[in-house]
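S.K.: Each protein sequence line maps, in turn, to chains A and B. As numbered in the numbering used here, the first sequence has no gaps in its residue numbers, which increase by one up to the final residue, 552. As numbered in the numbering used here, the second sequence has no gaps in its residue numbers, which increase by one up to the final residue, 803.
FYI, nobody ran anything at the bench for these hints, they're computed from the structure. Fair warning: there could be bad hints in the mix.
[What the hints assert, rightly or not] Non-contacting residues of chain B with respect to chain A, defined by C-beta distances greater than 12 Å in every case (computed):
| no. | residue |
| --- | --- |
| 1 | Ile559 |
| 2 | Gly650 |
| 3 | Val654 |
| 4 | Leu675 |
| 5 | Phe679 |
| 6 | Arg687 |
| 7 | Ser690 |
| 8 | Lys696 |
| 9 | Asp706 |
| 10 | Met734 |
[To be verified] List time: in silico DSS-like cross-link candidates among lysine-lysine, alpha-carbon distance up to 25 Å:
| no. | chain 1 | residue 1 | chain 2 | residue 2 |
| --- | --- | --- | --- | --- |
| 11 | A | Lys531 | B | Lys568 |
| 12 | A | Lys474 | B | Lys577 |
| 13 | A | Lys542 | B | Lys577 |
| 14 | B | Lys696 | A | Lys413 |
| 15 | B | Lys792 | A | Lys474 |
| 16 | A | Lys414 | B | Lys696 |
| 17 | B | Lys631 | A | Lys424 |
| 18 | B | Lys717 | A | Lys414 |
| 19 | B | Lys590 | A | Lys542 |
| 20 | B | Lys797 | A | Lys34 |
| 21 | B | Lys670 | A | Lys240 |
| 22 | A | Lys5 | B | Lys580 |
| 23 | A | Lys46 | B | Lys568 |
| 24 | A | Lys34 | B | Lys696 |
| 25 | A | Lys385 | B | Lys568 |
| 26 | A | Lys413 | B | Lys717 |
| 27 | A | Lys34 | B | Lys801 |
| 28 | A | Lys30 | B | Lys801 |
| 29 | B | Lys785 | A | Lys474 |
| 30 | B | Lys755 | A | Lys414 |
| 31 | A | Lys240 | B | Lys680 |
| 32 | A | Lys240 | B | Lys631 |
| 33 | A | Lys424 | B | Lys696 |
| 34 | B | Lys792 | A | Lys46 |
These numbers were taken from a predicted model, which means no experiment stands behind them. Idealized CB from N, CA, C, for every residue including glycine.
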Amino acid sequence: MSELKFIEGYPEYMYKLIEIVHETRTARMKEPPKAMTLEEREEVLKIHPDYAPGGKREIKVGPNKGEIAPNEVVDLLEAYPVIDPDEIDLEKVDYEPDVLIIGGGLAGTTAALWANNMGVPVENILLTTKLRHGDSNSIMAQGGTQAADRPEDSPVIHFLDTIGGGHFANKFDVVRALVEDAPYIIQWLTELGAMFDRDENGNFVELAGGGASRRRMHAAGDYTGLEELRVIRDEFRNRKIPCLEFYPAIELLTDVEGRVVGAVLWNMETGEYKIVKAKVTILATGGFGRLHIRGFPTTNHYGATCDGVVIAYRAGAKLRDMDTAQYHPTGAAYPQQIIGLLLTEKLRGAGAQVVNIDGEAFVYPLEPRDVEAAAIIRECYIRNKGVTTPTGIRGVWLDTPMIDLIHGEGTIKKSFPGMVRMYKRFGIDITKNPVLVFPTLHYQNGGVETDPNGRTNLEGLLVAGEVSGGVHGKNRLMGNSTLDCLVFGRRAGITAAEYVKKGVTVGKPTLNHVKKYIKQLEEAGITTKRKSPILLPDYRGKAVLARMIDIF
Amino acid sequence: MGETLDIMERIRESNKSVTTGLDEKDIKHWVTIYIMGKAYRVPADLTLMQAIEFAGYRFIRGAGCRAGFCGACATVYRKEGDYKLRTAMACQTRVEDGMYLVQIPFAPAEKPSYDISKEEASLSVVFKYFPEIARCVSCNTCTKACPQDLEVMDCVQAILRGDFKFAAENSFECIQCGLCAMRCPAEIVHYHLFQLVRRIHGKYNLPPEPNLKKRIEEIKEGKYNEEFERILKLSLEELKEMYRKREIKLD
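Based on the sequences and whatever the hints tell you, model everything.
M.R.: Dropping the structure here:
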């Protein structure tokens, strides 16, 4: 690429195209594009990766046998365990907490705090996580957390927005819990000292996300997830709740009655396994972005590899809505170093339009995410009005400088410090020039089916956050994911505490469900060498892998 | 139908360089970097993190969000012929020829415990938990070490003056990577200190929100129960109609 001449961080030919964006800005601002009708949405969704042909297949084994899911997910469900169940010594139990929490993002951490709030002593709680405590998609959440707290808004309107965005496939009782707990969750966070954006009078600054009919996004700049997570993690650490890092769960444990009674953990650095026997297990392991569904880049953190769904499925947990994935409309398409990384929807909430190569704002900026993403794919690949980067990626412009024109100079710097910083590191000033975007894999809409209190079809297993399915239907709205983690993390923690208080006795831990699952795989004629959970993606160079000798 | 399938394949192909390991034949420009002293030839367009992976390393520690939000990939490096030690987040920094680098994925720093509900917005709280703050010699090493380019020392000095607001707002973009604490000659643990100060400022100095309080009470009193019950009885078609007709008020 060094033969290209660069201007303000862009190759010369791209910079010339940016001039069109500058020239058309005033006219576009006067006549913004209109929202689509439900019929228009249906039409454009045909090009969305969820609805375009290919990319999926039927699941051949387990509770959701016969249902359709992305190939990358089915590959993991139709794979053999990483352990041989006969080789694992279950006699020696290493930890015996009342409540085991698997996952250290917002949902898991919140669950631990609320189990403790409801009377489970800290020494009877154990949180285990694959990477560091806090390494999660939660910490990367930028835009905000929805809560209907303004006079012109209500939980009912938040409910309607959510089910409409989810194509009415959501579990309505779970959505109701989400929207009715939302204001309390914001209050809980502020009482713990979280700093949400305020105006000069101390009132919350609230913007709208795509598919929302009111402004109800509570944000902390574009570091919302970081602020929420580090505050509750600090609270967690102050209470000295036991926590294991770099210890993913590689299988759940069940007793003879099929109840979930703990998990097998694996020390990623030494390879040693540990047996945890627990009265109740809360699964909060997040989603699947690092599976790169349909070959899309992703916004997700390094560990988002669908582990929770895989191990729960083997234990007999029922999944739902696994057939859809959320592609965030605006992932970075340039420069090469940050492809797929998130450009928060809050940018569009603040007025930035999505613009094609001719300077036309071709889509209403706040459609639900799947509709917005599909419209961008259509613009780039059917109408051929995208801009192609030197490495062959197509994208459209997100006209960020509009934000300062609408809200006053300095707004971008103040409200989007993370975005400004990321682009500045690669020589681009987003207050001055637009950025090139294309949809990126963002969120696992479905997961282990949950009820309003985090319960699953398996006794002893609760779920919260992205690993769960039901609350978002077939498409999640912005600001409902951090909210999901907080609401259902709290509810799962409370449910777990009540469950333990009732005085449960659990049977001897076994891996019978794993043996049974292996048998089912064999009977279905699945002869693959694939193993799961995969725990981490592999980005090592192909040349190195081709000449690697595996001695250690 | 065939056309959309083809489009999906074209998108997959265009993103291959970031979704799977890189293939040498696709690379035009190379640089040499030294990972803990060992030389590797890597593509010039990569971040430090991508380059380390290209060289054949598979991260367990040292990679987190991969987008500049988590602080897992704190890196110290020096350039050939230069004595200066620099810091970076490996996922947010492009490789340069002649970089000598090492990651510091863990900071063995003390984290005091406190009960935020029992503290108050005063300097005595800070001295109680972080007495070493008094040892700050204003050398500014922390600021120079910060990969987020925060004014770290100014925040410490603001706290010593009792200006929690300044410290809370100016440390807000701290990703708690720990590089400041690792470099500080006074052994101050800035990132834990700032966490305490932000929580105190957020809890005690920011005003309560009347709208929020009112709405929580309304929900508790069951103000929306009737409406929810009515809606939950509607048919799918009626619900869709209601959604379609809902008023959009974004002004």
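S.K.: Hint by hint, say whether it matches the structure.
M.R.: Evaluation of the provided hints:
1. Ile559: violated, 4 Å
2. Gly650: holds, 16 Å
3. Val654: holds, 18 Å
4. Leu675: holds, 17 Å
5. Phe679: holds, 18 Å
6. Arg687: holds, 23 Å
7. Ser690: Serine 690 of chain B is indeed farther than 12 Å from all Cβ atoms of chain A, at 25 Å.
8. Lys696: holds, 17 Å
9. Asp706: holds, 16 Å
10. Met734: holds, 16 Å
11. A:Lys531 x B:Lys568: Holds: lysine 531 of chain A and lysine 568 of chain B sit about 23 Å apart, inside 25 Å.
12. A:Lys474 x B:Lys577: violated, 40 Å
13. A:Lys542 x B:Lys577: holds, 10 Å
14. B:Lys696 x A:Lys413: Within the cut-off at roughly 21 Å; holds.
15. B:Lys792 x A:Lys474: holds, 15 Å
16. A:Lys414 x B:Lys696: holds, 22 Å
17. B:Lys631 x A:Lys424: Satisfied, since the Cα-Cα distance of roughly 21 Å is no more than 25 Å.
18. B:Lys717 x A:Lys414: holds, 16 Å
19. B:Lys590 x A:Lys542: holds, 19 Å
20. B:Lys797 x A:Lys34: This hinted pair holds, its Cα atoms lying about 16 Å apart.
21. B:Lys670 x A:Lys240: Roughly 17 Å between the alpha carbons, so the hint for lysine 670 of chain B and lysine 240 of chain A holds.
22. A:Lys5 x B:Lys580: Judged against 25 Å, a Cα distance of about 16 Å means the pair holds.
23. A:Lys46 x B:Lys568: Measuring from Cα to Cα gives roughly 24 Å; hence the hint holds.
24. A:Lys34 x B:Lys696: It is violated: about 48 Å lies between the C-alpha atoms, which goes past 25 Å.
25. A:Lys385 x B:Lys568: holds, 22 Å
26. A:Lys413 x B:Lys717: holds, 19 Å
27. A:Lys34 x B:Lys801: With a Cα-Cα distance of about 14 Å, the restraint between lysine 34 of chain A and lysine 801 of chain B holds, given a limit of 25 Å.
28. A:Lys30 x B:Lys801: holds, 19 Å
29. B:Lys785 x A:Lys474: holds, 21 Å
30. B:Lys755 x A:Lys414: Holds: lysine 755 of chain B and lysine 414 of chain A sit about 22 Å apart, inside 25 Å.
31. A:Lys240 x B:Lys680: Roughly 19 Å between the alpha carbons, so the hint for lysine 240 of chain A and lysine 680 of chain B holds.
32. A:Lys240 x B:Lys631: violated, 41 Å
33. A:Lys424 x B:Lys696: holds, 18 Å
34. B:Lys792 x A:Lys46: The given pair, whose Cα atoms are some 20 Å apart, holds under the 25 Å limit.
Violated hints, listed in ascending order, are 1, 12, 24, 32; each of the other numbered hints is respected by the structure.
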